[in-house]
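S.K.: The whole structure should be built from the sequences, with the hints applied where relevant.
Residues per chain, in single letters:
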Amino acid sequence: MDLKDLYRDVIVDHNRRPRNFGRLDPADAQAEGFNPLCGDRLTLFVNLDGDRIREATFEGSGCAISVASASLLTEAVKGRTRAEVKALFDDVHALLTRHDAVADPATLGKLAALSGVREFPARVKCASLCWHTLNAALERRAEPVTTE
Amino acid sequence: MSAAEPRFDTPSAGLDVAAIRRDFPVLEQTINGRPLVYLDNAASSQRPRQVIEAISSYYERDHANVHRGVHTLSQRATDAFEGARDVVRRFVNARATQEIVFVRGTTEAINLVAQSFVRPKVGPGDELLISGLEHHANIVPWKLVSEQTGATLKVIPIDERGEVDFQAFERMIGPRTRILALAHVSNALGTVVPVERFIAVARRHGVPVLLDGAQGVAHDAVDVQALDCDFYCFSGHKMLGPTGIGVLYGRRELLEDMPPWQGGGDMILAVTFEQITYNQLPWKFEAGTPPIAGAIGLAAAIHYLEAIGMKRIAAYEAELLEYATRRLLTVPGLRIVGTAERKAAVISFVLEGVHPHDIGTILDTEGVAIRTGHHCAMPVMDFFRVPATARASMSFYNTFEEIDALVAALERARSILT
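As you go down the protein sequences, you meet chains A and B in turn. Counting from 1, one number per residue, gives the positions in the first sequence under our numbering. Counting from 149, one number per residue, gives the positions in the second sequence under our numbering.
Do not rely on the hints blindly, as some may be mistaken.
Claimed, not checked - Straight-line Cα separation of at most 20 Å, DMTMM-like style, residue types lysine to aspartate or glutamate; simulated pairs:
| no. | chain 1 | residue 1 | chain 2 | residue 2 |
| --- | --- | --- | --- | --- |
| 1 | A | LYS110 | A | GLU55 |
| 2 | A | LYS4 | B | GLU559 |
| 3 | A | LYS4 | A | GLU119 |
| 4 | A | LYS4 | A | ASP104 |
| 5 | A | LYS110 | A | ASP91 |
| 6 | A | LYS4 | B | ASP512 |
| 7 | A | LYS125 | A | ASP2 |
| 8 | B | LYS291 | B | ASP274 |
| 9 | A | LYS125 | B | ASP512 |
Claimed, not checked - Which residues of chain B face chain A? A partial, calculated answer using Cβ under 10 Å:
| no. | residue |
| --- | --- |
| 10 | ASP512 |
| 11 | GLY521 |
| 12 | VAL534 |
| 13 | ILE564 |
Unchecked claim - Here are a few chain B residues that sit away from chain A, every Cβ distance over 12 Å (derived from the structure):
| no. | residue |
| --- | --- |
| 14 | ALA228 |
| 15 | LEU301 |
| 16 | ALA316 |
| 17 | PHE421 |
It is worth saying that the hints were derived from the structure and are not from the lab. Idealized CB from N, CA, C, for every residue including glycine.
M.R.: As structure tokens, then:
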């Protein structure tokens, strides 16, 4: 296990200076995510143009992996349709959990920096929390998402 | 490591820690290429060879079910199991073995008292009193009783140092208080609660007292008669013993009057479909085949602790705490959460710019095992307005060098993430 695989420069940077951090008020959709194991808590806000995400922001607190992942997510989903977001989530999920998944920068962009997380199974939920929360926001589920 | 800090060349408690460490096989390993530094003792301690051997020797030579057979092995198992009960009795200075009930752990002991002692006698208007320092195991069982009966759960506040507010307690206890349930030592912060003062007040009000001793019993001598508590609950695995074994000490008169909690074999004298005669104490509360090997392992753990001496253990752990507190405060941005006047060797802390979860991962790559999270005490985290803390909890087999390794690993965490 090499810590440099987990805490890549992109991750450290997005943890120190999270992008799109704050509320959208009003927001077309929002949802809360909670990881009871470590206390990570975040809220995702989304504004839509029809089927396409115009803006995504988040607020909350958590570990470096969960904050960086949420920050990267808000950048990555901007301008994408629901179907494109779904496909991207599938790619990210594979990246986080499957050892044979290839971190293709062409499809994943900066999200490829999350590929080191799979070497640290206890941390996968930190990285995936924001994605599950985004799903809940897009499906307008009222119940907060938890990782347990 | 900088040598600027003054060091204890010879621990004044006079423990031969190097020799003690050789008794703990698990400590002789590397994690991620580094020597294991085990500082998660408040979650669960490690086992000395003597405990492991007592368990395997029992299984290799003496195992059979207890209280049942006339054959030799059943007799040996029964003698060992009941012998273990007497070892526990002496260890906490209970008057009689009837007052020592074997359970799965502290959690089960508290649930037993909540359901069998408190629940039948409370209703709307009655009050159950706990503190803001409690582990979930000393919150949820009372919340359940409150929901089942309509009794009110009241919580004594804590202050910024992590001490239970004694003045508030004196105002809150009253004629409707039916139980006072307090941690002896806080698992999340290390606060040693001055329970004697609380018990004295509870006595004047005629309120029975339960102490959650999960963190107390392994780190200092406990005398239930001197404490004058009614119930004392603890777990084997936090005091060098096996998992799955714990103890409920209960004052005999109270246990006598309590209905059984679980039904089954061993807790009865006679059964017909019309009528059941319950067994005597303590077996009335021990339905089913008990954790025999667990009790035997627990007795071996107690022998081990007593051979070193609880007072010497407490003295050495106090030195570790003092050293660790001083060293940790040299780490820039580190804040200790819980600064009570009397503490066990537990230090909860937060590090500016580094989330506890990241601390845990980075320390693990350096071989250092600590706990991170809410420590099953979410109300304590809420009080201090932190989502989680990192917690280093020490035992008498830890060394000053291991504290140095912890500090060095924390410096590494800072350099990676800030």
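S.K.: Against this structure, judge whether each hint is valid.
M.R.: Cross-check of the supplied hints:
For the proposed pair A:LYS110 and A:GLU55, the alpha carbon gap of about 18 Å is at most 20 Å, so the pair holds. A C-alpha spacing of about 16 Å is found between A:LYS4 and B:GLU559, which places the hinted pair at or below 20 Å, so the restraint holds. Restraint check: the Cα-Cα separation between A:LYS4 and A:GLU119 comes to about 11 Å, which is no more than 20 Å; the hinted pair holds. As the CA atoms of A:LYS4 and A:ASP104 are separated by approximately 19 Å, the hinted pair is consistent with the 20 Å bound.
Straight-line distance between C-alpha atoms of A:LYS110 and A:ASP91 comes to about 13 Å, which keeps the hinted pair within the 20 Å bound. Restraint check: the Cα-Cα separation between A:LYS4 and B:ASP512 comes to about 14 Å, which is no more than 20 Å; the hinted pair holds. Between A:LYS125 and A:ASP2, the direct Cα distance comes to roughly 19 Å. Compliance with the 20 Å bound is thereby established for this hinted pair. In summary, the hint linking B:LYS291 to B:ASP274 is supported, as the alpha carbons are separated by about 13 Å, within the 20 Å threshold.
Of the pairs offered as hints, the one joining A:LYS125 and B:ASP512 holds, with about 18 Å between alpha carbons and a cut-off of 20 Å not exceeded. Given the 10 Å rule on beta carbons, the hint for B:ASP512 holds: about 8 Å separates it from the nearest Cβ of chain A. Among the interface hints, the one on B:GLY521 holds; its C-beta lies about 5 Å from the nearest C-beta in chain A, closer than the 10 Å criterion. The beta carbon of B:VAL534 is positioned within 10 Å of a beta carbon in chain A (closest approach about 8 Å), and the interface hint is therefore held.
At a threshold of 10 Å, the smallest CB-CB gap from B:ILE564 to chain A is about 5 Å, leaving the interface hint in force. Taking the minimum C-beta to C-beta distance to chain A, about 39 Å, the non-interface status of B:ALA228 holds against the 12 Å cut. With 12 Å as the threshold on Cβ separation, the claim that B:LEU301 sits away from chain A holds: the shortest Cβ distance comes to roughly 21 Å. Against the 12 Å criterion, B:ALA316 stays outside the reach of chain A, whose nearest CB is about 27 Å from its own CB.
The Cβ of B:PHE421 lies farther than 12 Å from every Cβ of chain A, with a closest approach of about 43 Å, so its non-interface assignment holds.
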